[in-house]
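Q: Start from the sequences, fold in the hints, and give me the full structure.
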Amino acid sequence: MSDTPVNEMSFEQAMGELEAVVGQLESGDVELEASIKLYERGAALKKRCEEKLKDAEEKVAAITLDEAGEAKGTTPVEGL
Amino acid sequence: MSDLFEEDGDESAPESGGNAPEFTVSELSGAIKRVIEGEFARVRVRGEIGRVSLPRSGHVYLDLKDERNVISGVIWKGVAARLATQPEEGLEVIAVGRLTTFGGQSKYQIVIEDIRPAGVGALMAMLEKRKKALEAEGLFASERKRPLPYLPEVIGVITSPSGAVIRDILHRLRDRFPRKVLIWPVAVQGEKCAAEVVRAIEGFNRFEKGGAMPRPDLLIVARGGGSIEDLWGFNEEIVARAAAASDIPLISAVGHETDTTLIDFVSDRRAPTPTAAAELAVPVRLELLAWVDGQDARLTRGMTQAIGVRRQRLADLARALPKPASLVASAAQRLDIWGERLPKALIAAAQRKRLRLADAAGLLRPAALARAMRDRRDRLRIAAGRLAPGLRRATRDRQRELERQLGRLRVSVLQRDVARHRDAFDQLATRLAHAGTAQVMGWNTRLEALERLRQTLGYRETLKRGYAVVHGEDGVITTRKAAEAARSLEIEFADGRLKPTQRPARRATEKPPEQGSLF
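Top to bottom, those sequences are chains A and B.
Residue numbers 43 to 122, in this note's numbering, belong to the letters of the first sequence in order.
Residue numbers -9 to 509, in this note's numbering, belong to the letters of the second sequence in order.
These aren't lab readings, by the way, just hints derived from the structure by calculation.
Among the clues, some could well be false.
Unchecked claim - If you want the footprint, here are the derived chain A segments under chain B, 3+ residues with CB under 8 Å:
| hint | segment |
| --- | --- |
| 1 | 82 to 89 |
| 2 | 114 to 122 |
Stated by the list, open to error - With a straight-line cut-off of 30 Å between C-alpha atoms, the simulated DSSO-like cross-links for lysine-lysine are:
| hint | chain 1 | residue 1 | chain 2 | residue 2 |
| --- | --- | --- | --- | --- |
| 3 | B | K170 | A | K89 |
| 4 | B | K135 | B | K122 |
| 5 | A | K89 | B | K122 |
| 6 | A | K101 | B | K199 |
| 7 | A | K96 | B | K199 |
In this text, a Cβ means the ideal position worked out from N, Cα and C, and glycines have one as well.
A: Below, the structure is given as structure tokens:
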């Protein structure tokens, strides 16, 4: 298991962990207490995944450039 | 030109034997310059670029050649900066320009205004050459390719801000997983293209994570389809090198599926179209939500099963466990049976006892009892009647015996016995005294003889005759060696012991330890 706290995991990390947890739980050779812990961890990981999936806001901006062609700032882009 | 020859021809003919006019070198050089510049003020020439030199001045000097001839060429600094195709040795080109002469060195050259590859074949040949060079450097190696982030937060798109490409990318991102997108506008064709793409890639890499302009997790360099010349900017070496140097993983999506540009070889992933790039960039959100739901269901099922399996086992084990009631049932039944039989048995036993009591009580009638008492009393009376005469007769018998014994008891008989016994005693005592004295005297004689013998044999008698005994701390010393080793010596004489006050000196010890030497 990874040491990263669940609420700091990237979606991919949380996803991989969740998959591992589910696999372990399904294998059935886990003690009851351990399987309860696994279940709780799985629930936390699932929550993290959902948070990451909920966070799906589109925001498009274009870089504005100065005379030298270097990035100066951004300007929102709409209607594309 | 013809005027010049005609005029001069008329005047100078007599001196030279003909009508050929005479020029100074400069006049001729100038005339040639006029002719050449007038005649070739704008030419298109096809040839292969030979040697190219790029001095600091910024002007570009090169040769154009074919199998037999060479023409020198120059591209002035201002022109060189905006050329779409940079001259490269070996490239077959069509150059457009004007001819001019350089009188000081009797040379002519072409001043090139524009230069382009001489057709697709030439471009492809050059592209192949670049590809080989970069491949040899290892820039295309698969181990250089980095995995794309699974779910990038910010995506940087380097493309034209207007047009179908960015629209396609944004649409597909929206469909799959809406994200933050930063568009870095660049020219996607023409001479500025390569430099702007390079600046964009480098610019994005300089952004900081979480800054005002957030650093993207993924870059997409995109352009729609076009001719090879249109896409040429993405074949430039500087673009390929910038893409290879990018720390941010980069997807290239230039042209259509069949167009492969140099950047495609160095990018981490190549997408055949801009839409495909968006598909590579993000997963489908709805699918992930479904996946998470699926995992959740599996999680719950797994947990339920974990509990279910145990519940089942518990039930199975519980079934195997005999019922408490069944454990005591037979005992309870036996208790019932015995419990039922107990009062009956009690009653039966009581009845039996009562019967025996009745039997016994039947015998125990007062009349029978009185008769038995009467019998006993009669026997008692008879015995009592015989008691007194019996006693008297026994007393009389004993008295009579006593008197008879007394008659035999006389003192003289006793005295005679005593006197006889005393004589025997006195005799024995006398004999004992004699025997004892004689024995003691014999023992004394033997003892004195033995003492004398002992004294004669003992060493002390010898001492009286002048001998002495030497004692050490551990007993009698009999050798010289032992005397030397002894720490102290003591000499015994007949009349006592003496300790020599001084141990004999070494010299003395060399002599035998005779008694005389000690004195």
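Q: Checking against the hints above, which ones are violated?
A: 5
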